[in-house]
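Please take these sequences and the hints and turn them into a complete structure.
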Amino acid sequence: MNPVRVAVAVLRKDLRSEWRTRELVPALAQFVILALLIGNFGFQIDSRNAASIAPGILWLALVFAGLVAFGRAFAAEREQASLEAMLMTPASPVAVFAGKAMAAFGLLVLCEAVMLPALSLFFGTPLSIGVIAAVLLASVGMAALGCLFAAMVARVRARELLLPLLTLPLWIPFIIAGGSALQSAMGLPGNYQEAVGLLIDFDILFIVLTSLAARFVLDE
Amino acid sequence: MSILVADGLTHWFGRELALEGVDLVLDTGEHMAVLGDNGAGKTTLLRILATALHPTAGRLQLAGLDAFRERRRLRHYLGYVAHAPGLYPALTAAENLEFFCDLQDVNRSRAAEVLETVGLTPFASKRADQLSRGMQQRLAIGRAILHEPKLLFFDEPDASLGADAGDLLAGIMQGRTVVLATHDHALANRLCPRTLVLRHGRSLGTATHLRVVK
Numbered sequence: 284m285n286p287v288r289v290a291v292a293v294l295r296k297d298l299r300s301e302w303r304t305r306e307l308v309p310a311l312a313q314f315v316i317l318a319l320l321i322g323n324f325g326f327q328i329d330s331r332n333a334a335s336i337a338p339g340i341l342w343l344a345l346v347f348a349g350l351v352a353f354g355r356a357f358a359a360e361r362e363q364a365s366l367e368a369m370l371m372t373p374a375s376p377v378a379v380f381a382g383k384a385m386a387a388f389g390l391l392v393l394c395e396a397v398m399l400p401a402l403s404l405f406f407g408t409p410l411s412i413g414v415i416a417a418v419l420l421a422s423v424g425m426a427a428l429g430c431l432f433a434a435m436v437a438r439v440r441a442r443e444l445l446l447p448l449l450t451l452p453l454w455i456p457f458i459i460a461g462g463s464a465l466q467s468a469m470g471l472p473g474n475y476q477e478a479v480g481l482l483i484d485f486d487i488l489f490i491v492l493t494s495l496a497a498r499f500v501l502d503e
Numbered sequence: 008m009s010i011l012v013a014d015g016l017t018h019w020f021g022r023e024l025a026l027e028g029v030d031l032v033l034d035t036g037e038h039m040a041v042l043g044d045n046g047a048g049k050t051t052l053l054r055i056l057a058t059a060l061h062p063t064a065g066r067l068q069l070a071g072l073d074a075f076r077e078r079r080r081l082r083h084y085l086g087y088v089a090h091a092p093g094l095y096p097a098l099t100a101a102e103n104l105e106f107f108c109d110l111q112d113v114n115r116s117r118a119a120e121v122l123e124t125v126g127l128t129p130f131a132s133k134r135a136d137q138l139s140r141g142m143q144q145r146l147a148i149g150r151a152i153l154h155e156p157k158l159l160f161f162d163e164p165d166a167s168l169g170a171d172a173g174d175l176l177a178g179i180m181q182g183r184t185v186v187l188a189t190h191d192h193a194l195a196n197r198l199c200p201r202t203l204v205l206r207h208g209r210s211l212g213t214a215t216h217l218r219v220v221k
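Protein chains in written order, with my numbering: chain Z, 284 to 503; chain V, 8 to 221.
Please keep in mind that the hints were generated in silico from the structure rather than gathered at the bench.
Because the structure is a prediction, the values reported are computed rather than measured.
Possibly wrong hints are sitting among the right ones.
Claimed, not checked - Selected chain V positions facing chain Z (Cβ under 7 Å, derived; list incomplete): (1) His-83; (2) Gly-93; (3) Tyr-95; (4) Ala-97; (5) Gln-111; (6) Asp-112.
Stated by the list, open to error - A short list of chain V residues far from chain Z (calculated; beta carbon distances all over 12 Å): (7) Ala-59; (8) Gly-86; (9) Ala-89; (10) Leu-110; (11) Glu-120; (12) Ala-177; (13) His-190; (14) Gly-212.
Quick reminder that beta carbons are idealized off the backbone N, C-alpha and C, glycines included.
Quick look at the structure:
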């Protein structure tokens with residue numbers, strides 16, 4: 284059994300389903316634009332404070348968009364009773380989890396592709412490689428953690444409540460390091476390399492931990 | 008030779024006893040029906056036998072292996088059709104099967120063969136949510152036989168299949184060991200020489216179907 288084949292099949296299946304139904308991405312894109320718009324009107328933004336306020340608003344929007352995206356990743360499988368069918372195959376649960384997490388990451392990246400130019404437009408912040416890299420790196424670890432908890436709570440009735448309660452505390456390191464990296468990339472003082480290094484460390488740590496835990500979460 | 012040996016299978020859902028001390032031995036190639044009213048424990052038993060649910064107590068051996076320790080290994084040998092079809096609504100019939108070919112590690116060309124077997128070739132490019140309930144059930148049956156399992160567990164597969172359900176199932180069951188849960192006594196009588204009757208989670212014993220009816 285080739286785990287890469289399984290993960291790619293799950294990734295392709297999820298992205299194809301989203302492409303055909305367009306259930307999640309348009310709604311999430313609308314949500315992040317609205318969140319940025321509210322942030323834009325809610326704060327007195329000018330050229331001096333944009334770089335310190337914009338990252339906070341970006342992470343807030345991204346965190347809530349992520350919760351919806353990751354929550355749907357497993358809830359939909361449970362609702363249509365397809366998760367059991369998938370787990371009844373000899374495919375490794377870790378490979379299935381990896382495919383689901385990659386698909387959720389892909390959907391979040393699509394939202395970010397809308398959000399980052401909008402952030403630049405509303406707040407006048409630079410849209411540089413540094414900004415994009417920091418957001419993408421944080422999204423990797425957030426996707427791994429978000430999907431693990433989404434799988435865990437998918438069978439619970441109060442999953443919409445439980446998912447943020449479990450996920451948000453563990454996303455805090457990504458928000459701190461990601462916020463710091465973004466502020467540096469937007470021209471505020473700070474060590475960008477250090478913050479990005481920290482994001483990479485968190486990504487590696489949480490990818491390993493969630494892969495180990497996925498087997499137990501999905502197997503039962 | 009016994010391919011399935013169940014010993015004292017018991018399952019509790021919280022405080023509710025769903026299955027109590029069910030023993031079962033099935034020889035290779037044997038077909039057995041499971042009959043019982045709603046809530047008798049048929050689905051719980053089928054899910055345990057198919058290793059989808061771990062029993063609270065009891066032991067299960069499939070093909071000589073401990074069914075729960077060797078669960079992943081055994082899944083090459085067994086197929087399970089659950090009560091709900093569990094398909095991906097936005098994927099076509101062919102795409103649904105091809106996806107499971109990847110998960111079962113079988114060649115994707117097998118999907119077309121299976122569509123032919125279950126009579127869905129003309130609907131291969133139709134989305135699963137556009138198929139009728141009966142066609143969805145056929146697709147779910149097709150998915151269960153993609154990897155040519157030796158052991159098959161059917162949970163009321165005839166529920167929406169239509170008039171030719173018996174013929175379709177008889178063709179698929181040939182050469183395989185099958186446990187079939189159904190409400191349809193006539194279908195059970197036609198397809199399965201042995202019957203297990205469940206009532207309130209307890210086995211009333213196995214017998215030939217004719218004896219049970221009497």
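How the hints compare with the structure:
With its C-beta approaching chain Z no nearer than about 5 Å, V/His-83 sits inside the 7 Å limit, and its interface hint holds. A hinted interface residue such as V/Gly-93 counts as satisfied when its beta carbon comes closer than 7 Å to some beta carbon of chain Z; here the least separation is about 4 Å, so the hint holds. For V/Tyr-95, the suggested interface contact is upheld, since its CB lies about 6 Å from the closest CB of chain Z, less than 7 Å. A hinted interface residue such as V/Ala-97 counts as satisfied when its beta carbon comes closer than 7 Å to some beta carbon of chain Z; here the least separation is about 4 Å, so the hint holds.
Interface hint status for V/Gln-111: upheld, as the beta-carbon distance to the closest one in chain Z is roughly 5 Å, under 7 Å. Because the beta carbon of V/Asp-112 sits about 5 Å from the nearest beta carbon in chain Z, less than 7 Å, this interface hint is met. With a cut of 12 Å on Cβ distances, V/Ala-59 falls inside the contact zone with chain Z, its closest approach being about 6 Å. Not every Cβ of chain Z is farther than 12 Å from the Cβ of V/Gly-86; the closest lies at roughly 8 Å, contradicting the non-interface assignment.
The beta carbon of V/Ala-89 sits about 6 Å from the closest Cβ of chain Z, which is not more than 12 Å, so the claim that it is off the interface is violated. With a closest Cβ-Cβ approach of about 4 Å to chain Z, V/Leu-110 is found to fall inside the 12 Å limit, against its non-interface label. For V/Glu-120, the condition that its CB be more than 12 Å from all CB atoms of chain Z holds, with the nearest at approximately 18 Å. For V/Ala-177, the non-interface assignment is confirmed: its Cβ lies about 24 Å from the closest Cβ of chain Z, beyond the 12 Å cut-off.
The beta carbon of V/His-190 sits about 20 Å from the closest Cβ of chain Z, which is more than 12 Å, so the claim that it is off the interface holds. Residue placement check: V/Gly-212 keeps its beta carbon more than 12 Å from all beta carbons of chain Z (closest about 29 Å).
Checked against the numbered hints given earlier, this structure breaks hints 7, 8, 9, 10; the rest are met.
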